[in-house]
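**Q** Chains A and B are the protein sequences, given in the same order.
Position one of the first sequence corresponds to residue 237 (the numbering used here), numbered consecutively onward.
Position one of the second sequence corresponds to residue 3 (the numbering used here), numbered consecutively onward.
It should be emphasised that the hints constitute simulated quantities derived from the structure, not laboratory data.
Accuracy of the hints is not assured; some may be wrong.
[As the list claims (entries may be wrong)] No more than 20 Å apart at the CA atoms, straight line, and that leaves these computed lysine-lysine pairs for PhoX-like:
| no. | chain 1 | residue 1 | chain 2 | residue 2 |
| --- | --- | --- | --- | --- |
| 1 | A | LYS272 | B | LYS28 |
| 2 | A | LYS272 | A | LYS292 |
| 3 | A | LYS293 | A | LYS272 |
| 4 | A | LYS334 | A | LYS306 |
| 5 | A | LYS272 | A | LYS295 |
| 6 | B | LYS28 | A | LYS334 |
Just so it is clear, the structure is predicted and the values come from calculations on it, not from any experiment.
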Amino acid sequence: GQQVMQIPQYQHVQEGEDFTTYCNSSTTLSNIQWYKQRPGGHPVFLIQLVKSGEVKKQKRLTFQFGEAKKNSSLHITATQTTDVGTYFCAGPGGATNKLIFGTGTLLAVQP
Amino acid sequence: DAGVTQSPTHLIKTRGQQVTLRCSPKSGHDTVSWYQQALGQGPQFIFQYYEEEERQRGNFPDRFSGHQFPNYSSELNVNALLLGDSALYLCASSQGPRGGYTFGSGTRLTVV
Chain A
237 GQQVMQIPQY QHVQEGEDFT TYCNSSTTLS NIQWYKQRPG GHPVFLIQLV
287 KSGEVKKQKR LTFQFGEAKK NSSLHITATQ TTDVGTYFCA GPGGATNKLI
337 FGTGTLLAVQ P
Chain B
3 DAGVTQSPTH LIKTRGQQVT LRCSPKSGHD TVSWYQQALG QGPQFIFQYY
53 EEEERQRGNF PDRFSGHQFP NYSSELNVNA LLLGDSALYL CASSQGPRGG
103 YTFGSGTRLT VV
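Kindly generate the complete structure, drawing on both the sequences and the hints.
**A** Rendered as structure tokens:
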């Protein structure tokens, strides 16, 4: 079945450093969504990308959808302690609408 | 306020018992999806309800069943509980099956 992998699994940075997580799907995706889950919390929708090569920015966060629509990345510039959490990418599973979540990247930010 | 309400927040059950979890979607949302999230892992898709019918299903046994009511709220039922069913159960609502999901705070189920 479809698999969505993310790397790295865990990243520890100093506050102010940049951070990037990469998402790779075994199949082409019609769209890619990103979610953030704080420790002990629930996933919160961040953004959805639809077009091949699309790049979207939300303040210090930059999201990119690959040309082949099989990979995506999330880059955070100048991390802050409020960025702590697990970042998940998610995409529709094949021809269905069920959203398949990636393995997640846990970001730790040291002040 | 997540907009999606789940109850109860925590639950402890014994192996073999049955459990029902409830979800009220965000106002304006008509689709409900249920996920199971084990500790340290990503959410795993259980099933999705739209127009009161199960539209999609993940790789979960028939012990997991659900229902959607005319007001779009939903229930997740799990029969014959196993220790491995211990997890955070998340309900997500969306406007249509393809929309960005709004998640509830989840129900933490512990099976002993």
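**Q** Now tell me, hint by hint, if it's right for this structure.
**A** Hints, verified against the model:
1. A:LYS272 to B:LYS28: Answer holds: A:LYS272 to B:LYS28 is near 19 Å, not above 20 Å.
2. A:LYS272 to A:LYS292: Distance of about 16 Å is within 20 Å: holds.
3. A:LYS293 to A:LYS272: holds, 15 Å
4. A:LYS334 to A:LYS306: Since the Cα atoms of A:LYS334 and A:LYS306 sit roughly 17 Å apart, the hinted pair holds (cutoff 20 Å).
5. A:LYS272 to A:LYS295: Holds, at about 15 Å.
6. B:LYS28 to A:LYS334: holds, 18 Å
Of the numbered hints listed earlier, not one is contradicted by the structure.
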